[in-house]
Amino acid sequence: MMRKMAESVFVVAMLIPFATHWSWSYFYWIAVAATYLAYVAMGRWEYE
Amino acid sequence: MNDFIALTIFYAVVGTAIALYARRGVRTQEDYFIGGRNVGGIVSALTYAATTYSAFMMVGLVGLSYKTGAGALGFELMYLVGTLFLLSYYAPKVWRLGKEKGFVSPAEIFADRYGVATAKLSAILALVALIPYTSIQMIGVALILQKNAGISFANGVAIASILIALWAFLGGLRGVAWTDAVQGVFMLTVAVAAVLWTYNYVGGFEIPKELAVVPNEFWTPLRFATLTIPWFFFALTNPQVFQRLFIPKDERAIKRMVVLFGLFGLIYTVLVTFLGLDLRFGTVLGRFPNVGDMDKVTPTLLSLMPPWISLPLALSIIAAAVTTANSIVLTLSSMVLRDVVGEKKRIIGGEIVVVVLTLVVALFALMRVNYIVMLAVLSSTILLCQLPLILGVFHWKRGGELTGLATLTIGFLTAIVLSAMRFGAVSIPTFAVSFVAFAVFSLIEG
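Heads up: the protein sequence lines correspond to chains A and B, in order. Okay, so the first sequence: first residue is 1 according to my numbering, each after it adds one. Okay, so the second sequence: first residue is 1001 according to my numbering, each after it adds one.
Chain A extracted, bound-state conformation (with noise of 0.2 Å):
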């Protein structure tokens, strides 16, 4: 649970464009959720 609590900071990070107004949003938000996608993909799951 708490290794979910840290991994919001996904989430968080998607919003941060409206706070930033950058140009490149397209290509942040790509970013984050590809990083993501990799973290859950290279994570260990509680069966393994």
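It is worth saying that the hints were derived from the structure and are not from the lab. One should not assume that every hint holds.
Pairs of lysine-lysine residues, derived as BS3-like cross-links and limited to a Cα-Cα distance of at most 25 Å, are as follows [unchecked claim]: (1) B:Lys1397 / B:Lys1067; (2) B:Lys1099 / A:Lys4; (3) B:Lys1099 / B:Lys1397; (4) A:Lys4 / B:Lys1067; (5) B:Lys1397 / A:Lys4; (6) B:Lys1101 / B:Lys1296.
What you are looking at is a predicted structure, and each value in this text was computed from that prediction instead of being measured.
Assemble the complex: chain A is given as a structure, and chain B must be docked to it using the hints.
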């Protein structure tokens, strides 16, 4: 016979052959509705993806990206991140609980914890939320057939009904999952081809400056939150995807399902939003017409493409609609049969309910009245009222039947009443009220 009719017949024949093959060995409702809990990770991932990603992607999201910019990608990827966040934690727990207690219908998790009446009500709310949503998919198929094959709308609805019901009727979940897997690969392949063609046609890719930044006129923080909340929790609240958490054969297959679904979703979302943004760049360059109505962007693109790409793209939109619709119909059938009627043995009942539900969906599609659209848009918001109950199964010991019934009733009424009053951000109060109702009634009930 025109080329599109020939292509559609080929598609129907291949799908039917797969569904007939999948029918072998279907003996129990567990086999029929959840593939005997014996589906591999790759097929589970592809059926999860094809069920989730409807015709909205290639029609709605292309138009939304074209019209409102990069925020459309943020919205759709927020859904994906939310789904990965929830599934990587809850999917193994739901799978284990389902296997241990023999759940087949998604509402059985409620019957076990909050009583049979709560499961019945949950099934009825799922019907109210998802029949109009499914009818919109059917309308989409009928309109594509009308435009590309020159047949009447009513005949298009009839053909769409057959396409939606047949594979679920014949092969149950295995029929749906295997045809979903083939169609999912097809959808992704055609999306790649469409992006390459469009990139070449437009002559490059650039996001016009006013569309690259959020917030903008459309993507205000409030609108982003309103649209995102129901989708963020979609994996837990929508029965057709929740039931898919029962189907993998083991825990390794669950992880594979979640990760490969994430990969599919990421690639498909990027392709679809790229298409919308590139077409907008084409408009800036004067190479693509300025389209005012966002729902007309994809039809305009199809009219400019040569047949070798426009016909497969149109068929991929049909595939996206059919894969979503038949999964919903099969899941709703399991809920009607097991939770509402109480029949948990015979398969024939499931087959009959698949046909009856498809006919009801077709009737809604033929009516095409305004409240169908309103309910379809509201579908995920209506289903939000189930979220506290699902989380309660794993994290909250208090609450029983009263809590279940009160939470669903109050959350559902909040969504409907606020929507009827044309309240702008229905999902936020629905979300909040459902949790408050759950907390209050579970504390009272003990």
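Quick rundown of the hints versus the structure:
About 47 Å separates the Cα atoms of B:Lys1397 and B:Lys1067, which puts this hinted pair outside 25 Å; it is violated. For the given pair, B:Lys1099 sits about 24 Å from A:Lys4 by alpha-carbon distance, which is consistent with the 25 Å threshold. Restraint check for B:Lys1099 and B:Lys1397: the C-alpha separation of about 21 Å stays at or below 25 Å, so the hint holds. A hinted pair counts as satisfied when its Cα atoms are at most 25 Å apart, and A:Lys4 with B:Lys1067 does not qualify at roughly 36 Å.
Between B:Lys1397 and A:Lys4 the alpha-carbon distance is near 21 Å, which keeps this suggested pair within the 25 Å criterion. Of the pairs offered as hints, the one joining B:Lys1101 and B:Lys1296 is violated, with about 48 Å between alpha carbons and a cut-off of 25 Å exceeded.
Violated hints, listed in ascending order, are 1, 4 and 6; each of the other numbered hints is respected by the structure.
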